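Asks: We have chain A; now place chain B onto it with these hints.
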Amino acid sequence: MIALAALTIVVLTGLAYVASGRQASALGAQAGVELHSRPTYHGLYAALVTGLVGFGVLIVATIGTRAVLDSQLRSALPEEAQTYTVLKQDRLISDAKAKGDGSIVSRPLDNDYRVARDALAETYVGYKRTREWGVAGLSVLLGLIALVLSYRRVSPQHRARNASEGIIRGTLFVSAGIAILTTIGILFSLIGETLKFFSGVPIYKFLFGTHWSPLSGVFEGQINPSTVGAIPLFAGTFMITIIAMLVAVPIGLMAAIYLSDYASKRVRSIAKPLLEILAGIPTVVYGFFAAITVAPVIRRTGEAMGLSVASESALAAGVVMGIMIIPFISSLSDDVINAVPQSLRDGSYGIGATKAETITKVVLPAALPGIVSAVLLGVSRAVGETMIVVMAAGQGANLTWNPLEAVTTVTVQIVALITGDAEAETAAGPAFALGFTLLCITLVLNMIALRVVQKYRLQYE
Amino acid sequence: MNMHQSPEMTPENASGRTSVHKTDDAKRRLKKRYAFETRFKFFGIFAIALAATALFWLLSTVVGKSLGAFHETYITLPVELAAEKIDAKGNRDPKDIRAGNFSGAIKASLRQAFPYITKRRDKLKLYKMVSNGAELSLRERVMRDPSIIGTTQTVRLLASDDVDLYMKGYEGSLEARDVSGVATPLGTTGKVRIIVESNSFSSILARVKDELRDKAQRFRDQARREARGIRVFQRRIDTLPSDADPALRTDYEGRITAYENRRQSLIESAQALEKKANTPGGTEQVSSALPSFFLAINGGVVKITRVSPDAVEGQTLVPLSSDAPAADGSWQLLVNPQSEAGRRIRDAQTTWVEELRKAGAIDTTFNTRFFTAADSREAETAGIWSSAAGSFWTMLVTFFLSFPIGVAAAIYLEQFAPKNRITDFIEVNINNLAAVPSIVFGLLGLAVVIEFLGNDVFGRDLRSTALAGGIVLALMSLPTIIIASRAAIKAVPPSIKEAALGVGASNVQAVFHHVLPLAMPGILTGTIIAMAQALGETAPLLMIGMVAFITEVPGSPMDNASVLPVQIFRWSDFPERAFEMRTAAAILLLLGFLVIMNAIAVLLRKRFERRW
Numbered sequence: 015m016i017a018l019a020a021l022t023i024v025v026l027t028g029l030a031y032v033a034s035g036r037q038a039s040a041l042g043a044q045a046g047v048e049l050h051s052r053p054t055y056h057g058l059y060a061a062l063v064t065g066l067v068g069f070g071v072l073i074v075a076t077i078g079t080r081a082v083l084d085s086q087l088r089s090a091l092p093e094e095a096q097t098y099t100v101l102k103q104d105r106l107i108s109d110a111k112a113k114g115d116g117s118i119v120s121r122p123l124d125n126d127y128r129v130a131r132d133a134l135a136e137t138y139v140g141y142k143r144t145r146e147w148g149v150a151g152l153s154v155l156l157g158l159i160a161l162v163l164s165y166r167r168v169s170p171q172h173r174a175r176n177a178s179e180g181i182i183r184g185t186l187f188v189s190a191g192i193a194i195l196t197t198i199g200i201l202f203s204l205i206g207e208t209l210k211f212f213s214g215v216p217i218y219k220f221l222f223g224t225h226w227s228p229l230s231g232v233f234e235g236q237i238n239p240s241t242v243g244a245i246p247l248f249a250g251t252f253m254i255t256i257i258a259m260l261v262a263v264p265i266g267l268m269a270a271i272y273l274s275d276y277a278s279k280r281v282r283s284i285a286k287p288l289l290e291i292l293a294g295i296p297t298v299v300y301g302f303f304a305a306i307t308v309a310p311v312i313r314r315t316g317e318a319m320g321l322s323v324a325s326e327s328a329l330a331a332g333v334v335m336g337i338m339i340i341p342f343i344s345s346l347s348d349d350v351i352n353a354v355p356q357s358l359r360d361g362s363y364g365i366g367a368t369k370a371e372t373i374t375k376v377v378l379p380a381a382l383p384g385i386v387s388a389v390l391l392g393v394s395r396a397v398g399e400t401m402i403v404v405m406a407a408g409q410g411a412n413l414t415w416n417p418l419e420a421v422t423t424v425t426v427q428i429v430a431l432i433t434g435d436a437e438a439e440t441a442a443g444p445a446f447a448l449g450f451t452l453l454c455i456t457l458v459l460n461m462i463a464l465r466v467v468q469k470y471r472l473q474y475e
Numbered sequence: 177m178n179m180h181q182s183p184e185m186t187p188e189n190a191s192g193r194t195s196v197h198k199t200d201d202a203k204r205r206l207k208k209r210y211a212f213e214t215r216f217k218f219f220g221i222f223a224i225a226l227a228a229t230a231l232f233w234l235l236s237t238v239v240g241k242s243l244g245a246f247h248e249t250y251i252t253l254p255v256e257l258a259a260e261k262i263d264a265k266g267n268r269d270p271k272d273i274r275a276g277n278f279s280g281a282i283k284a285s286l287r288q289a290f291p292y293i294t295k296r297r298d299k300l301k302l303y304k305m306v307s308n309g310a311e312l313s314l315r316e317r318v319m320r321d322p323s324i325i326g327t328t329q330t331v332r333l334l335a336s337d338d339v340d341l342y343m344k345g346y347e348g349s350l351e352a353r354d355v356s357g358v359a360t361p362l363g364t365t366g367k368v369r370i371i372v373e374s375n376s377f378s379s380i381l382a383r384v385k386d387e388l389r390d391k392a393q394r395f396r397d398q399a400r401r402e403a404r405g406i407r408v409f410q411r412r413i414d415t416l417p418s419d420a421d422p423a424l425r426t427d428y429e430g431r432i433t434a435y436e437n438r439r440q441s442l443i444e445s446a447q448a449l450e451k452k453a454n455t456p457g458g459t460e461q462v463s464s465a466l467p468s469f470f471l472a473i474n475g476g477v478v479k480i481t482r483v484s485p486d487a488v489e490g491q492t493l494v495p496l497s498s499d500a501p502a503a504d505g506s507w508q509l510l511v512n513p514q515s516e517a518g519r520r521i522r523d524a525q526t527t528w529v530e531e532l533r534k535a536g537a538i539d540t541t542f543n544t545r546f547f548t549a550a551d552s553r554e555a556e557t558a559g560i561w562s563s564a565a566g567s568f569w570t571m572l573v574t575f576f577l578s579f580p581i582g583v584a585a586a587i588y589l590e591q592f593a594p595k596n597r598i599t600d601f602i603e604v605n606i607n608n609l610a611a612v613p614s615i616v617f618g619l620l621g622l623a624v625v626i627e628f629l630g631n632d633v634f635g636r637d638l639r640s641t642a643l644a645g646g647i648v649l650a651l652m653s654l655p656t657i658i659i660a661s662r663a664a665i666k667a668v669p670p671s672i673k674e675a676a677l678g679v680g681a682s683n684v685q686a687v688f689h690h691v692l693p694l695a696m697p698g699i700l701t702g703t704i705i706a707m708a709q710a711l712g713e714t715a716p717l718l719m720i721g722m723v724a725f726i727t728e729v730p731g732s733p734m735d736n737a738s739v740l741p742v743q744i745f746r747w748s749d750f751p752e753r754a755f756e757m758r759t760a761a762a763i764l765l766l767l768g769f770l771v772i773m774n775a776i777a778v779l780l781r782k783r784f785e786r787r788w
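Heads up: the sequence lines are chains A and B, in that order.
With the first letter of the first sequence counted as 1, position 334 gets the number 348 in the numbering used here; the numbers rise by one all the way through.
With the first letter of the second sequence counted as 1, position 115 gets the number 291 in the numbering used here; the numbers rise by one all the way through.
Since the hints were made in silico from the structure, they are not lab data.
One or more hints might be untrue.
As the list claims (entries may be wrong) - Taking lysine-lysine pairs in the BS3-like style, the calculated list, with each CA pair at most 27 Å apart, reads: (1) B:203 with A:369; (2) B:217 with B:203; (3) B:344 with B:367; (4) B:301 with B:344; (5) B:208 with A:375; (6) B:208 with B:304; (7) B:217 with A:369; (8) B:207 with A:369; (9) B:666 with A:286; (10) A:369 with B:208; (11) B:304 with B:534; (12) B:299 with A:375; (13) A:375 with B:198; (14) A:369 with B:283; (15) B:367 with B:452; (16) A:286 with B:217; (17) B:283 with B:534; (18) B:367 with B:295; (19) B:295 with B:534; (20) A:286 with B:782; (21) B:283 with B:299.
Note that this is a predicted model, so its numbers are computed, not measured.
If we strip away everything but chain A, and leave its shape as in the complex, we get (with noise of 0.2 Å):
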């Protein structure tokens, strides 16, 4: 139905711009008008007039009317179901909804339920159908009505041109403004859920507290405060990061210098896409490669070597996760070094230094706030790095200094929490606020990357 009336606009968007143009190139075929606005125009305007008002009706209505279908249902409820928990009443609802829409039901309670449900899956069935025809009918009506009056306007004065751009400029704004959307929908589902998870929780508790197993001491769908302490995570987390840097500062850093500085022409041409496949290979690609490959090698050295290591251990994931950033680093770090001045390097020459004493005294310094920059970027996407770690490092939240043993981190418990078997009510509240958490500290690290940049950055010329 709601494809029908989709499909009905569509052909009426066409055939205002058809109807439109033809008018108007009528209008203008006459002898003596003069039309302001070329018959195109016309047509473009009487298209986008109805297209925007029949899909906007057809969009707004569609989800205006969803929330009034769910009240009415609500207050459509059987005598018997009155008496109901909430909680159960929310039960009878979704199943009597599946049960209209024919989709697969989960069993009754008992014989009362079934009666209840399928009364309430009758009226549903009726709502919808109202709901269906409803939305439909108004949007292809007033897709009409906004052909026809758009039609009617068609006339040598009519400034067709500038108020279809007027249009064309609103649609921008509104899609340069979808980004903000997304930023307040962030914003908002984020805190939303956090604040519900910090009314039941103290937030000290959280952040502070050293036992996390969240859905062990679930009373009544009420979190116990005292097993969401988040340190063991981001413990892991810093500790997954930290190994991460070890590896890829180094190797990215000098990978850079030795590009910029050193290499040849053809070095460079064969490194640099070398790097960048690197940079294009999916986290989850590495997660496989981390799992089956580097882990067992760490574990087996470290076995030969005396040691007891974890088959999960951080170890295994920060490097794996360290040469992810490899690339990241290095070609932000490349940039910065290319960045300084050549007149720099050739004063440093000119005195006599070597290369290296003119990378190491000279190039790096002048680069240095950049080269913060790109660590504390590559730190931030360390922190919000996920499938290496869920498939590579451990679950369990273990609050140790120890590389070889596995640890868990804020991205692994987010994952194990909303993909869980746990009901989604409960598993969404330390979800979001790890969530949360995360956002914030990626966003703080992005924030004084940029901030070092701006300010520490020197001026040349």
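Replies: Okay, now just chain B, sitting in the frame of chain A:
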């Protein structure tokens, strides 16, 4: 001229003087500096070499692991499609045929091929050599052509993944060992003993004894650990203060005794094993941790379970034709170097596979199923087509949302936006969004997108569909596309726009007719790169529930779908080796798509990008 006369300035004199660069100290310093130079340069080369090694290691891992996934094994057997089993009512109703007992028919044909397998346990092993997929494809074949009911058809039955791996050599293969002399089997079925004239089996016995020695060594290591416990508690007793609770002392002493007893018994076991290992000859058990030994004699195969230098005892897996003595050279000792404990396929099954191989009834062919089938719980029938299609639909949604919106936003910000605080705010926002971890977009999707698409957009649950995934990925790739598009639009010289404005075009006309077409190659390049990123993205899709097990190929963005990277993640979780290979093969395919997309982007850039 006068200056040149001055003695200090002549070159000879300058070199004759003691220069700062000529002292031993200076030379040493210079040497050090040059050494640092060399070292520094070497570090740079080393760093690049390390990165290259990592890349090579990763790619070779993926390619190496994926090789096994591109072939599959079939067992070809005559299957009797008995009418009473498949269509008991005899009216050829498709519904009845669908419910027919095809697995019974396949099992019967297996029993026919191996008439000597009579024990229930062995039969189960036999049935497990054929995949469930064989039953499904046989059913389909009969559904297509019901006229073959009642006839006997030659059917290519898909082998199970264990058999498949063995055929490809991943579970060891049988190697013949040198043996000599006349071998006399005592019996033809069940447990048999085979006596040989020479000491042909001493090599097996030596292996068994080596293993006994290893085991003894493990016992001795264990005993050493117990001794450490004794020392620890002895020290505690020694350092016990004089006024300590006497109960504590007795407790410690009791523990020491327990440790001592365990140590003694371990050492005794070790000694017993060593004695066994060091006495020549004797009869020993062949454990499943050792390579598997078989004897092929008189047309039968015996799995060796006990061995002495000149005789073996074992279970017949293929019955012998007679118990006549077999002449020198007419019998064989076969070894599978991989122990039975270290692989999934059983010894009996490997023997039967070899029998099938001898009869020409088993072969491996190119695995087209992997590319055309949907996901499955069984490795041998699992394919990537469903997730590839899911990826396609998801990317389609992502492209049609993020490309127009992204380009429109870029045009606005670059060409129309007034310089004010709102514009600045939007800009900062987009840059920040580009740095938000992908998992947070997943949480956004979970909270917002699912809320709008969940349960009842006109009665359709769109939660784990390509549509939901596409929307989330579109939001994620928007910042990338906007930033790339802005750069491309900025690169178009203002003179072009000004010329258009000069001949009377409106601002919108100038942008859409002149600036945008020239910026398009750059915009498309950026979009393709953003799409490639989105194609490899996993975490946000996990968040919104696209981890479902999808056995049907999605036909539209409104169907439940999985995507390639999520499929990779799911398969990598399965312990079976066959799934590991398929995971690697799926990765190879994903990387292939990414390479193609990036190649297109590079080509676009090379072909159309203009430097002004």
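Asks: Within a Cα-Cα threshold of 27 Å, do residue 207 of chain B and residue 369 of chain A meet the stated pairing?
Replies: Holds - the C-alpha atoms of residue 369 of chain A and residue 207 of chain B are around 14 Å apart, at most 27 Å.
Asks: Do the alpha carbons of residue 283 of chain B and residue 299 of chain B lie within 27 Å of each other, as the hint requires?
Replies: 9 Å, holds
Asks: Given the hint that residue 208 of chain B pairs with residue 375 of chain A, test it: the Cα-Cα distance must not exceed 27 Å.
Replies: This hinted pair holds, its Cα atoms lying about 16 Å apart.
Asks: Going straight from one Cα to the other, do residue 217 of chain B and residue 369 of chain A come out at no more than 27 Å?
Replies: Holds: residue 217 of chain B and residue 369 of chain A sit about 9 Å apart, inside 27 Å.
Asks: Checking one constraint from the list: CA of residue 367 of chain B to CA of residue 295 of chain B, max 27 Å. Satisfied?
Replies: Between residue 367 of chain B and residue 295 of chain B the Cα gap is close to 14 Å, so the pair holds against 27 Å.
Asks: Are the Cα positions of residue 295 of chain B and residue 534 of chain B separated by 27 Å at most?
Replies: With a Cα-Cα distance of about 23 Å, the restraint between residue 295 of chain B and residue 534 of chain B holds, given a limit of 27 Å.
Asks: Keeping to a limit of 27 Å between CA atoms, is the pair of residue 217 of chain B and residue 203 of chain B held or broken?
Replies: 21 Å, holds
Asks: Residue 375 of chain A and residue 198 of chain B: Cα distance at most 27 Å?
Replies: 25 Å, holds
Asks: Are residue 369 of chain A and residue 283 of chain B close enough, with their CA atoms no more than 27 Å apart?
Replies: Violated, at about 76 Å.
Asks: Within 27 Å, alpha carbon to alpha carbon, are residue 301 of chain B and residue 344 of chain B?
Replies: 19 Å, holds
Asks: Does the alpha-carbon distance linking residue 283 of chain B and residue 534 of chain B stay inside the 27 Å limit?
Replies: 21 Å, holds
Asks: Taking only the CA atoms, is the gap from residue 286 of chain A to residue 217 of chain B under or equal to 27 Å?
Replies: Cα-Cα ~17 Å, so holds.
Consistency with the previously given hints fails for numbers 3, 6, 12, 14, ordered from lowest to highest.
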